[in-house]
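Colleague: One-letter residues, chain by chain:
There are 2 protein chains.
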Amino acid sequence: MMDSDRIYLIADMPGYAPQVGRLLSMMNYARHTTLEAVQHLNRQQLDYLLDARSNSIGALLLHFAAVEYAYQVSTFEDRGLNEEELAEWGTALDLGDAGRERINGHDLDYYLGKLEAVRNRTYDLFRSVDDRWLYEQEEFWYGKQANRYFMWFHVFEDEINHRGQIRLIRSRLPKE
Amino acid sequence: MMDSDRIYLIADMPGYAPQVGRLLSMMNYARHTTLEAVQHLNRQQLDYLLDARSNSIGALLLHFAAVEYAYQVSTFEDRGLNEEELAEWGTALDLGDAGRERINGHDLDYYLGKLEAVRNRTYDLFRSVDDRWLYEQEEFWYGKQANRYFMWFHVFEDEINHRGQIRLIRSRLPKE
Numbered sequence: 010m011m012d013s014d015r016i017y018l019i020a021d022m023p024g025y026a027p028q029v030g031r032l033l034s035m036m037n038y039a040r041h042t043t044l045e046a047v048q049h050l051n052r053q054q055l056d057y058l059l060d061a062r063s064n065s066i067g068a069l070l071l072h073f074a075a076v077e078y079a080y081q082v083s084t085f086e087d088r089g090l091n092e093e094e095l096a097e098w099g100t101a102l103d104l105g106d107a108g109r110e111r112i113n114g115h116d117l118d119y120y121l122g123k124l125e126a127v128r129n130r131t132y133d134l135f136r137s138v139d140d141r142w143l144y145e146q147e148e149f150w151y152g153k154q155a156n157r158y159f160m161w162f163h164v165f166e167d168e169i170n171h172r173g174q175i176r177l178i179r180s181r182l183p184k185e
Numbered sequence: 010m011m012d013s014d015r016i017y018l019i020a021d022m023p024g025y026a027p028q029v030g031r032l033l034s035m036m037n038y039a040r041h042t043t044l045e046a047v048q049h050l051n052r053q054q055l056d057y058l059l060d061a062r063s064n065s066i067g068a069l070l071l072h073f074a075a076v077e078y079a080y081q082v083s084t085f086e087d088r089g090l091n092e093e094e095l096a097e098w099g100t101a102l103d104l105g106d107a108g109r110e111r112i113n114g115h116d117l118d119y120y121l122g123k124l125e126a127v128r129n130r131t132y133d134l135f136r137s138v139d140d141r142w143l144y145e146q147e148e149f150w151y152g153k154q155a156n157r158y159f160m161w162f163h164v165f166e167d168e169i170n171h172r173g174q175i176r177l178i179r180s181r182l183p184k185e
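Note that the protein sequences, when read in sequence, are chains A and B.
Taking my numbering, I'd label the letters of the first sequence as residues 10 to 185.
Taking my numbering, I'd label the letters of the second sequence as residues 10 to 185.
Hints in this document: simulated from the structure, not taken from any laboratory.
In this text, all values refer to a predicted model and were calculated from it rather than measured experimentally.
In this text, a Cβ means the ideal position worked out from N, Cα and C, and glycines have one as well.
Do not take every clue at face value.
Quick partial rundown of chain A residues pointing at chain B, CB under 10 Å, derived from the structure [unchecked claim]: (1) SER13; (2) ARG15; (3) LEU32; (4) ASP60; (5) TYR151; (6) TYR158; (7) GLU166; (8) HIS171; (9) GLY173; (10) GLN174; (11) ARG176.
Given only the sequences and the hints, what does the whole structure look like? Please build it.
Modeller: See below:
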């Protein structure tokens, strides 16, 4: 799905509706830069906290998977997370103290595996919809209308926002 | 141009080609969140440095205007910045030591004025192009092809990346 020769093209993607392909192009680029930003980090680096209120890079990676999963459920199934799903993803969604306590001790492969599994499900789900689906609206934040294109834009813009923080934290990791 | 009731819609925008409207929808949302992240900051807060290698929030704001100006020139005029333009924008483009030394002492209105002036020029420029223009490609990074849609996507994704850092810095400003 992620063709490295086409990583700088916002364009059609085989098997997807035109606008869906553009959206996935942007999601792919965002993920490409996330993966680059965390390359070769070890367990200690993934757990590192800049200060008492910082999120670890590992927790932010799991947050990306959690947000994407939550939007799969809300936009494709029109529901919130159930108890079982909240047990799996709730901490990574909320971050904060619980995130600092519970999300740690994992190698990079753990996080990459979660990201990949959720992303593969996104690829599958998007194959089933057309562009009209992206433009359907509902009430979203502050009583205003959002369309599904925006909701999925938000998924990758949240990732980019935290990738900026990951880069800042990475450049301040203690020297080995 | 920024209709607050339509801030969560990626959709057509009156006066622009369809894909251009979608791109501007995303640029508008990114800017909306940037403005929210810097609301009410005073001069000291805009100049605050998290540590010796940090960019100030003010410098990051000027960086957004500089990047956007540079892409106006590269994509609409197919050239790099000239000497005069580099004198105006070079420091904000590069940030780093020179940014820490030279970009400070301004109130929020100074930065907001720069952002608005450059954005208004973007709105004007985009009125002159059609969707085909967005899909024209040229060699870009690492010898790979990029289309203009990607180049402008990069303008707002760079803003979102640094907005994540602005939020991190803002939440760590010394208490008044």
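Colleague: Compare the structure with each hint and give your call.
Modeller: We went through each hint and held it up to the structure:
no. : hint   : result
1   : SER13  : holds, 8 Å
2   : ARG15  : holds, 8 Å
3   : LEU32  : holds, 9 Å
4   : ASP60  : holds, 7 Å
5   : TYR151 : holds, 9 Å
6   : TYR158 : holds, 4 Å
7   : GLU166 : holds, 5 Å
8   : HIS171 : holds, 6 Å
9   : GLY173 : holds, 3 Å
10  : GLN174 : holds, 5 Å
11  : ARG176 : holds, 7 Å
The earlier numbered hints are all upheld by this structure, with none contradicted.
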